Each structure stands twice: as C-alpha cells, then as structure tokens.
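Taking the hints into account, I'd like the entire structure generated from these sequences.
Counted from 1, the sequence shown has number 220 at position 220 by my numbering; the numbering is strictly sequential.
If you're looking for bench data, these hints aren't it; they were derived computationally from the structure. What you are looking at is a predicted structure, and each value in this text was computed from that prediction instead of being measured. Fair warning: there could be bad hints in the mix.
As a list, the in silico DSBU-like pairs of lysine-lysine whose alpha-carbon atoms are at most 35 angstroms apart [claimed, not checked]: (1) 104 x 14; (2) 241 x 255; (3) 255 x 204; (4) 241 x 251; (5) 255 x 14.
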Amino acid sequence: MRVERAWAGVDIGKGHHHVVVIDAEGTRMLSRRVNNDETVLLELIGQVTALADEVRWAVDVSTGGAALLPALLVAHGQQVFYLSGSQVNRAAGGYRGEGKTDAKDAAIIADQVRMRRDLTPLRVDNELIVELRMLIARRRDLAGDRVRLVNRLHEQLLGISPALERFLDLTNRGPLVLLTHVQTPAALRQLGAAGLEEWLRTQKVRNATTLAATVATAAGSQQTTLPGERLAAQLVADMAKGVIALDEQLKHTDKPIEGRFRRHRHATVLLSMPGIGTLLGAEFLAATGGDLTAFASADHLAGYADLAPAPRDSGRISGNLHRPRRYHRGLQRALYTSALVSIRYHDASRIFYDRKRSEGKRHTQTVLALARRRVNVVWALLRDQRCFEPAPPQATAA
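As structure tokens, this is what we get:
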C-alpha cells in the first residue's frame, strides 16, 4: 500500500547498510540489509520510493564508505539528512530494549528524522571541496609522521651525543642534511669544521659556516664513545633521510592544495584577511564546505568551531557556560592559527591581544577571543563578497 510520506533510516557500514522505512505512525514498512554497491543501492532507492509519494532519508555517516549512497540519493532528487553517531547513541537510550543491532539503529535513525524538525539536509560537496579535503587530510598525516619521526630522531641522537642533540635544530633542513653524512662526535672531529663547511656548501645548505662551527663545538665537548654508537649512527642517518623525504612530500602536497584553493570563489576574500594564507584558507573551505549558507549566522559558525560557549543552566543556576561537545577541530585549528599569526602582522589584532592580556587573560584565552572576533569579520566579508580593508567602509548617504 502506497502512503503519502515515509521516512528511511540507514545504518551505514563499510560492506553493507541496513535500511528501515517507517510510515507516519512509526510502523515498519521495510527492513532490509543491502550491499554497498551501486546496482543494489539503485534497486533499493526504487523499492523505497515506490512505497510513498515523499521519502525523507537519514544516515549516520556521510563520508568514506557512505559517500556512494548520499550521492545516489541526491542525484535522484531525494531529501537526505545526517545524524551523528553520538546523536543516535544518545537517542537509543529512549527506546525499549537494551540490545543493539543494525536494524534497531536504522529504525532509531528513521524515527528521529520523522520526529525532529531541526535537522539540516545533507549537502553533497562539489569536486573542488572533496579534493581539498583529501589533500588536507593527506597533508595532516604527513605532518604528523614528520613530528613523530623528528621526536624519535632527537631520542636516538641523545644516545650518541647529548651536546649534538642540544645544538642541532632538527626542524631545519641543514642539520638534517648534515646527519645523513656524519653523526658521531669522533667522525665530526675527524672531518673538521673546514671540511664540514665545504661539504655543506656542496649540498647547498644555508649558513654552512655557522652550522659547521656549531657542530664542531658540540663534537669537541664529548670525547667518550657511548655503547651502541655505530648502530645508533646508522639509525640517525636513516631517520634524517626519512624526515627530508617527508618534507619533499609535504612540498608536493602543498602545490595542488594551493592550486585548488585559488580556484575557489572565496579565495580572494579569504587571502585578504590578515593571518590567512593558502593552507589555512584551504582548511577553512574544507571544514565549511565553501558554502556559508549552511550556517544561519556568524554565531552559528563560531559555535561550529568551538569559539562560542553553550549555556548550561538549571534551576537557580544561570550564566553557566561550557564548551560545546560537538565541533569541528579542523575549523577551530584554522581560525585559532590565523588569529595567532595576525597578532604578529596586524596592528589592530596586536592591540586587541595586548589589551586582553593586560586585563589578566591567559594567552590561549586571548587568542580564542581574537579568533571569535575575526569570525564575525570573515562572515561579513564572505556574505558581501568584498575583501578586507584596514579601515571599515564609510556609510554613504542615501
């Protein structure tokens, strides 16, 4: 029997999904497990749309293995909504039974989308935003690998020479290139400051003279050979080569990120904002989808970035604010970092920072407050599609 309206909840899985369709009374019209395959999903969409004149779908995962189903639904003109896993988990406590199955989760999702009116439709991002998200995720992984490898390199170098580890800044290319060639104090003394400087110049290392003199001083301060030094030196050389290789991968990843970011319509506006460059701008677009219509106001955007506290009042207690439990960490990082950079290069941001610090605010609190102010500015600039100006535009008489 065909009804006027139905609601379909989908519990997403990697290899298969479970779909439950209910009517206006909450009665199950269909409960089915389907493979995550285009042919099967198209058959499912046809079967579900045949049950009602209008179907509202809801999913609990929207990326990765779940990307195919929402894309097919949007392509067929279906309404799709998103409930996070934590929302489904909390809602499950209000339903009968303690068991957990895919069918029960799908039924809860369907019932939630039937009752709730505050859910926003799921957006299928365009090709540019999807590519930016993939590239930024890849860059984040590479940066994390680099930090871990540099930390292990510091630890391994301590087993050879604490002085050498203390004097070398392993975040720079020069010391890394040096460690691929020579690692122990004895070898450094044998090569000498002049020989080391000459070799560094052949490798096109900046400040070769200063680096060679620093390393020679560190090598001269230790005459003792520590146990396992030979193997440790081998490992240090391998790790240094690994960090250099990761730097090259990061460089190759930054180029396509910049190219795709500059193709976006908001790129010029974001770059005009002090403290926002191509990488932070790309992270902003990836986090927001490049479309601010998904956010009702600047306050909504600030809350999504954990820059606006949420009230937690009860009884006689009022004015109790706390951090939101659900927010986008990538967006928070982009806005916080851009605010931190603007303090160095933008006079108004520096004045705001100094004033808040003089009021007794801690550094992190002050940067977060500045980031919150900057959200309002970014929101207005993107809304009006105009670039940032040091002085606000003057109002003209009608």
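If you test the structure against every hint from before, which numbers come out violated?
No numbers; nothing is violated.
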